[in-house]
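Participant: Start from the sequences, fold in the hints, and give me the full structure.
Each protein sequence line maps, in turn, to chains A and B. Letter 180 of the first sequence, counting from 1, is numbered 614 in this note's numbering, and no numbers are missing. Letter 62 of the second sequence, counting from 1, is numbered 496 in this note's numbering, and no numbers are missing.
Errors might be hidden in some of the hints.
Pairs count within a copy or across copies, as identical chains cannot be separated in the list.
Below, computed lysine to any residue pairings styled on SDA-like, alpha-carbon distance capped at 25 Å [said to hold, decoys possible]:
| id | residue 1 | residue 2 |
| --- | --- | --- |
| 1 | K473 | D610 |
| 2 | K528 | N471 |
| 3 | K473 | I450 |
| 4 | K449 | H542 |
| 5 | K541 | G569 |
| 6 | K449 | N509 |
| 7 | K449 | I493 |
| 8 | K490 | G526 |
| 9 | K449 | F506 |
| 10 | K528 | D608 |
These are computed hints drawn from the structure, not numbers from a lab.
2 protein chains.
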Amino acid sequence: MKFCSHCGSSDLNTKIPPGDTAPRRVCASCGAVFYENPKIVAGCILEWRDKILLCKRAIEPRIGLWTVPAGFMENGESVIEAAAREAWEEAGAKSGDLSLHTIYNLKHLDQVYIIYRGSLDGGRFRPGHETLEAGLCGEADIPWDSIAFTVVREALELYFADRSRRRFTLHEGDIDRDGGEQLRIVRY
Amino acid sequence: MKFCSHCGSSDLNTKIPPGDTAPRRVCASCGAVFYENPKIVAGCILEWRDKILLCKRAIEPRIGLWTVPAGFMENGESVIEAAAREAWEEAGAKSGDLSLHTIYNLKHLDQVYIIYRGSLDGGRFRPGHETLEAGLCGEADIPWDSIAFTVVREALELYFADRSRRRFTLHEGDIDRDGGEQLRIVRY
Numbered sequence: 435m436k437f438c439s440h441c442g443s444s445d446l447n448t449k450i451p452p453g454d455t456a457p458r459r460v461c462a463s464c465g466a467v468f469y470e471n472p473k474i475v476a477g478c479i480l481e482w483r484d485k486i487l488l489c490k491r492a493i494e495p496r497i498g499l500w501t502v503p504a505g506f507m508e509n510g511e512s513v514i515e516a517a518a519r520e521a522w523e524e525a526g527a528k529s530g531d532l533s534l535h536t537i538y539n540l541k542h543l544d545q546v547y548i549i550y551r552g553s554l555d556g557g558r559f560r561p562g563h564e565t566l567e568a569g570l571c572g573e574a575d576i577p578w579d580s581i582a583f584t585v586v587r588e589a590l591e592l593y594f595a596d597r598s599r600r601r602f603t604l605h606e607g608d609i610d611r612d613g614g615e616q617l618r619i620v621r622y
Numbered sequence: 435m436k437f438c439s440h441c442g443s444s445d446l447n448t449k450i451p452p453g454d455t456a457p458r459r460v461c462a463s464c465g466a467v468f469y470e471n472p473k474i475v476a477g478c479i480l481e482w483r484d485k486i487l488l489c490k491r492a493i494e495p496r497i498g499l500w501t502v503p504a505g506f507m508e509n510g511e512s513v514i515e516a517a518a519r520e521a522w523e524e525a526g527a528k529s530g531d532l533s534l535h536t537i538y539n540l541k542h543l544d545q546v547y548i549i550y551r552g553s554l555d556g557g558r559f560r561p562g563h564e565t566l567e568a569g570l571c572g573e574a575d576i577p578w579d580s581i582a583f584t585v586v587r588e589a590l591e592l593y594f595a596d597r598s599r600r601r602f603t604l605h606e607g608d609i610d611r612d613g614g615e616q617l618r619i620v621r622y
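Facilitator: Dropping the structure here:
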């Protein structure tokens, strides 16, 4: 942010406004305060018989790697609607019976990842323009070394663990940088 | 938003960028696209013996009405940390054993309200600068007609219903405008 979006001034400072607790971008000209808050990423693990739907990413980041349908929640929708919309946009997939599976805080990215699990309507799908390829994948065939995101690998591991004991619950956790480049996963 | 925060131009349009699905603010001068996404509000119902902590708001909106500690989640924290921080800032309250209670989409406000329940450490509290007054309140004494927000009234109703049957679960729902000024509540 180089210019104030209210008055166009370039005289922006980073400071803690009076009565506030965190540093914000503040316009020295008009006094506008700009807040930045975490975004929600909504996604879903969709089941068809004993397989789940995976998508190979056609866009950065992690182009060419595999993930589940997921993306930024939009204004005016619910989290579950966002998850269903992403399944439709990225994989032409209609979802059913979505229920909460994981809520993970990606603290280093200022994201909260909310993943549902549900059924893939009719087992039908068709890659969208952000997807190179989509496919149904059994547990034995999950490309664990080619999963695009740590949070998605975590959600898939928890999903198969739940499934093997025939008891699905909501899982919560944090993913954060561990000093360097490594990510640290904390399951609550 | 009147000026592009990247280049300072006032030549902003609202349009659907190529490959996108929703209208965005786009700078005609430098091409920057500005996304707006829902914000998370995190809060908590804190218990001390058979009472819960309520706060009388010292700030708008709904100044003078009662609520539970809650506020916008900040970058760099988890949802549960945000809920605990709000309890500390608004009511000088230390929280313990927080667990998820409600997740409600406030679709008309582009907010996702995530409320935990937990214990009020030592039964101690002290109003913060956004709080006129704080107090412990039994179920029979809840000021139902003076609760600041529909989503908080809903969370409190669900809390006491759970408590009376001695079984706490996670509740999900939507709150939205019903055409006019009325709010419509949908429990999943």
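Participant: Checking each numbered hint in turn, tell me which of them this model violates, lowest number first.
Facilitator: Violated hint: only 5; rest satisfied.
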